[in-house]
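The sequence shown maps to residues 29 to 298 in our numbering.
Be aware that one or more of the hints could be misleading.
Said to hold, decoys possible - Calculated cross-link-like contacts (lysine to aspartate or glutamate; reagent style EDC-like; alpha-carbon spacing at most 16 Å):
| hint | residue 1 | residue 2 |
| --- | --- | --- |
| 1 | K145 | D123 |
| 2 | K286 | E104 |
| 3 | K297 | E267 |
| 4 | K253 | E267 |
| 5 | K286 | D274 |
| 6 | K216 | D233 |
| 7 | K227 | E152 |
| 8 | K253 | D274 |
| 9 | K266 | D233 |
| 10 | K144 | D127 |
| 11 | K297 | D114 |
It should be emphasised that the hints constitute simulated quantities derived from the structure, not laboratory data.
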Amino acid sequence: MKIPKVFPGVSTGQLIITSLVMNTYPDQRERPIRIWLPPGYSQENPQNRYPVFYMHDGQNLFDSATSYAGEWEIDETITALIAKGDHGTIVVGIDNSQDRLNELSPNWPRILGIRKKINQPSGELYASFIVNTVKPYIDTHFHTLSNRSNTGIGGSSMGGVMSFYMLLTYPEIFGSGLLFSTAAQLYKYASIKNFVQTKISTMNDYPRIFLFAGGLERSITPYVKRLSHLLIKNNFPKENIATLIDPRAKHNELAWAKHFPNAYQWLTKK
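Using the sequences provided together with the hints, build the complete structure.
The following block contains the structure:
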C-alpha cells in the first residue's frame, strides 16, 4: 500500500489517492484508489459519518484531465446537492487498467466475437478485491456508515456489468446499485438469466437498482427493460427498480454525468 496523497484535481471536497494490492490475483497487481471526501468531512470529527458509494473506472469520475473522454462530475454534483440539504457521500473510485475488460467481466459465456477480447475474465477476483480489501480499508481509515443500506456500487458499460454482478452476489454488502449503459449484450442471455434466477432464489435483502441507457446505444438500450423484466419475473421487488432511457443520449461520460444526479438521489433516498 502506498502512502495516500491529497490530489488537487477536484473543484470541491477533497480527493485522496492511494494504491492497494489486489491480493486476490496471483500476480499481486496494484491498483490506484481515488477517495473523494465531501465538503464538511473532517477526520477530527468521527461523529459525523458518511455513506459510501464505490464506482469503477475511477479515472473518469472526478477530473477530466485523468479521464478518457470527459468526467462524471461526481464532486460538483454531490456538492450541489449538499447545498440543497443532502448529507453527502464518500465516493471511492477504483481505477481501471489495460486488463479492464477481463477484470470487469464475470466468467459468463460471451457471444461470438467477444471471446477474444474478454479471453480471461476475472470479475470474481476483482469483486472480491473490492469487498475484502477496498471496503475494509475505507471503513477503517475514514468515517463511514458501513452497513448495506449506506453502501452502494456503480459504473457504466462494463462497470455496469460488474455492478450488476456484485449487487446480486453480495446483497448483504451493497444496498444500492447504479447501472449505466450496462454492456449485457456481450454475453449469452441464457447465462445472465441463469445467474439472476440462482442469486435471487437465495436472496433475503433486495438492493435498489437504477438502470439507465441512451437511446443511441443501439445494442445496449433494450437491456434496460430486459434486465428489469428479468429481475421482476424472478420475484425481485418492482419498487426497488428504477429505469430511464434518454432517447438522445450516447455511450459517453456526458450522458452519465447528466443523469447521475437523478440516479444518486433515487438510490440514496430513505
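Outcome of the hint check:
no.: 1; hint: K145 <-> D123; result: 20 Å, violated
no.: 2; hint: K286 <-> E104; result: 12 Å, holds
no.: 3; hint: K297 <-> E267; result: 13 Å, holds
no.: 4; hint: K253 <-> E267; result: 15 Å, holds
no.: 5; hint: K286 <-> D274; result: 10 Å, holds
no.: 6; hint: K216 <-> D233; result: 27 Å, violated
no.: 7; hint: K227 <-> E152; result: 14 Å, holds
no.: 8; hint: K253 <-> D274; result: 13 Å, holds
no.: 9; hint: K266 <-> D233; result: 14 Å, holds
no.: 10; hint: K144 <-> D127; result: 13 Å, holds
no.: 11; hint: K297 <-> D114; result: 10 Å, holds
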